[in-house]
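Colleague: Residues per chain, in single letters:
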Amino acid sequence: MKVTMAVNDQEATSEVEPRLLLVHFLRDVLGLTGTHWGCDTSNCGACVVWLDGIPVKSCTTLAAMADGHAVRTVEDLDAGGSLDPVQEGFMQEHGLQCGFCTPGVMMTARWLLDRVPDPDEATIREAISGNLCRCTGYENIVRAIRWAAEHGRTEEMTA
Amino acid sequence: MQVPASFEYERATSVDHALALLERHGPEARLLAGGHSLLPMMKLRLARPETLIDINDLTDLDYIRLDGGHIAIGAMTRHAALLDSALLQEHYPIFADAERVIADPIVRNRGTLGGSLCQADPSEDLSAVGAALRAQAVIRSSGATETVDLRSFHRGPYETAVGDAQMLVEVRVPIRPGAGSAYEKVDRRAGDWAIAAAGAFVQLDGDVVSDVGIGLTAVGAPHFTSEEAESLLRGQPATPEHFAAAAATCRHACNPQSDQRGPVDYKRHLVGVLVERALTRAARRARGETA
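Protein chains in written order, with my numbering: chain A, 12 to 170; chain B, 8 to 298.
There's no promise every hint is true.
[Said to hold, decoys possible] Chain B stretches covered by chain A per the calculated footprint, using a threshold of three residues with CB under 8 Å from any CB of chain A:
1. 8-15
2. 34-44
3. 50-62
4. 107-120
[Claimed, not checked] Residues from chain A that keep clear of chain B, each with C-beta distances beyond 10 Å, as calculated:
5. Thr15
6. Glu22
7. Ala23
8. Val40
9. Gly45
10. Glu86
11. Gly92
12. Cys109
13. Phe111
14. Asp131
15. Glu132
16. Arg145
17. Arg157
18. Trp158
Derived from the structure by calculation, the hints contain no laboratory data. Keep in mind it's a predicted model, so treat the numbers as computed, not measured. Cβ coordinates follow ideal geometry from the N, Cα and C atoms, glycine included.
Please put together the full structure from these sequences, using the hints given.
Modeller: Written as structure tokens, this is what we have:
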């Protein structure tokens with residue numbers, strides 16, 4: 012079947028099998044390997060992307076389900092030419108070690124901050140509870156998101 | 008790499024269209040809602056439908072609203088919406104209690120009420136919520152609409168009252184003025200399936216339990232409840248002793264299996280503890296106390 016979707020505001024069209032998962036469409040068909048393919052069981056959150064402005068696990072979404080919809084991936088976070096405050100925060104606070112979970116966490120964090128610009132620690136931890144970091148780096152991840160909250164530019168993100 | 012076996016993909020544009028597609032593709036077709044139960048099952052080849060009918064465009068089934076003496080919830084309502092609903096929070100905080108411990112926020116953005124119920128996993132949380140509240144399921148086919156008590160919605164593990172070419176479109180919960188409700192769950196880690204869980208509503212007339220509903224999941228309770236425990240408590244004073252007696256009845260009514268989540272004795276013990284807690288918290292809420 013043919014699918015067409017807006018990926019990071021650019022139209023992407025391809026002939027795919029209906030069983031192709033969105034994560035593989037993004038990585039293998041479009042070459043957007045920023046989105047990571049992790050547990051395959053919708054637990055780890057490395058594959059989180061936005062579908063119509065809402066974070067979803069792209070290993071548990073068919074590319075076909077995104078046909079006609081808008082997808083946003085981690086590659087779009089610095090679309091304005093400068094790093095998103097979330098990315099900057101991960102640098103400043105050493106929010107990543109191996110980096111595998113990072114794209115998913117950042118997409119979740121951006122979504123959180125768009126809705127709750129000044130979240131407390133408990134709110135952050137709840138928000139990222141669907142993103143697993145196996146380097147046990149949550150302390151720094153939480154600090155990174157707090158950094159982004161404190162240094163965030165006020166902008167209208169696509170919702 | 009976990010990938011489902013091949014299937015044909017269709018996208019429904021309305022409930023009638025979805026029903027027509029189900030009729031056309033026959034019993035090996037499945038509706039695809041959020042996909043967070045069905046797609047993992049398909050990756051593991053535990054489910055192998057020939058056709059998936061995507062119903063995510065049916066946004067007219069995404070609602071939580073007052074409907075006479077009921078709260079009507081559309082089958083495509085996402086878990087996140089159930090968690091955030093002020094209407095549900097006002098009448099039945101049991102929903103938020105349960106939703107807070109279902110999977111994680113990202114999964115809850117996608118998974119739906121209808122999908123969870125129709126998956127009919129014997130450990131599913133909303134089945135216990137629905138059983139506790141004596142909710143009803145509205146099932147549509149192209150020619151008819153029928154209403155089924157949620158307690159008889161499950162016909163067995165992964166089997167429901169929804170037949171071929173039918174779909175669950177709505178869940179209805181009767182409003183009970185002054186009722187309090189609560190959900191208690193123990194899991195191995197945040198967001199996991201329950202080892203055991205219990206939900207309850209309690210309606211008080213002064214200090215007497217005028218009506219009560221109990222829901223149990225993951226512990227093999229027939230119809231996700233114990234009507235015996237409910238009968239025992241109805242008309243009795245809302246005291247710890249009577250809650251404990253009802254909990255003891257639930258402990259005997261369930262039939263848990265020993266598995267990697269724990270042995271039978273432990274699960275039975277949990278049932279007693281969780282029913283007592285759920286009743287206590289529900290009664291507190293009925294009295295208007297913060298709980």
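Colleague: Please check whether the beta-carbon of A/Glu22 is more than 10 Å away from every beta-carbon in chain B.
Modeller: Consistent with the label, A/Glu22 stays out of reach of chain B, its closest Cβ about 19 Å off (over 10 Å).
Colleague: Quick one: see if chain A covers the stretch 50-62 of chain B, three-plus residues with Cβ-Cβ under 8 Å.
Modeller: holds (count 3)
Colleague: Please confirm whether A/Glu86 is truly not at the interface, meaning its C-beta sits more than 10 Å away from all C-beta atoms of chain B.
Modeller: 19 Å, holds
Colleague: Looking at A/Cys109 again, its CB stays over 10 Å from all of chain B?
Modeller: Non-interface label stands for A/Cys109: nearest chain B Cβ at 20 Å, farther than 10 Å.
Colleague: With 10 Å as the threshold, tell me whether A/Thr15 passes as away from chain B on beta-carbon distances.
Modeller: 13 Å, holds
Colleague: Would you assess whether A/Ala23, listed as outside the interface, keeps its beta-carbon beyond 10 Å of every beta-carbon in chain B?
Modeller: Given that every Cβ of chain B is farther than 10 Å from that of A/Ala23, nearest at about 18 Å, it holds.
Colleague: The output says A/Gly45 does not contact chain B. Does that hold with a beta carbon cutoff of 10 Å?
Modeller: 17 Å, holds
Colleague: Is the nearest CB of chain B more than 10 Å from the CB of A/Arg157?
Modeller: 18 Å, holds
Colleague: Taking the shortest Cβ-to-Cβ distance between A/Arg145 and chain B, state whether it exceeds 10 Å.
Modeller: 14 Å, holds
Colleague: Could you check that no beta carbon of chain B comes within 10 Å of the beta carbon of A/Val40?
Modeller: 14 Å, holds
Colleague: Given that the stretch 8-15 of chain B was listed as covered by chain A, double-check it with a C-beta distance under 8 Å for 3 or more residues.
Modeller: holds (count 8)
Colleague: So is A/Trp158 really clear of chain B, every C-beta pair being over 10 Å apart?
Modeller: Non-interface label stands for A/Trp158: nearest chain B Cβ at 21 Å, farther than 10 Å.
No hint from the list above goes unmet by this structure.
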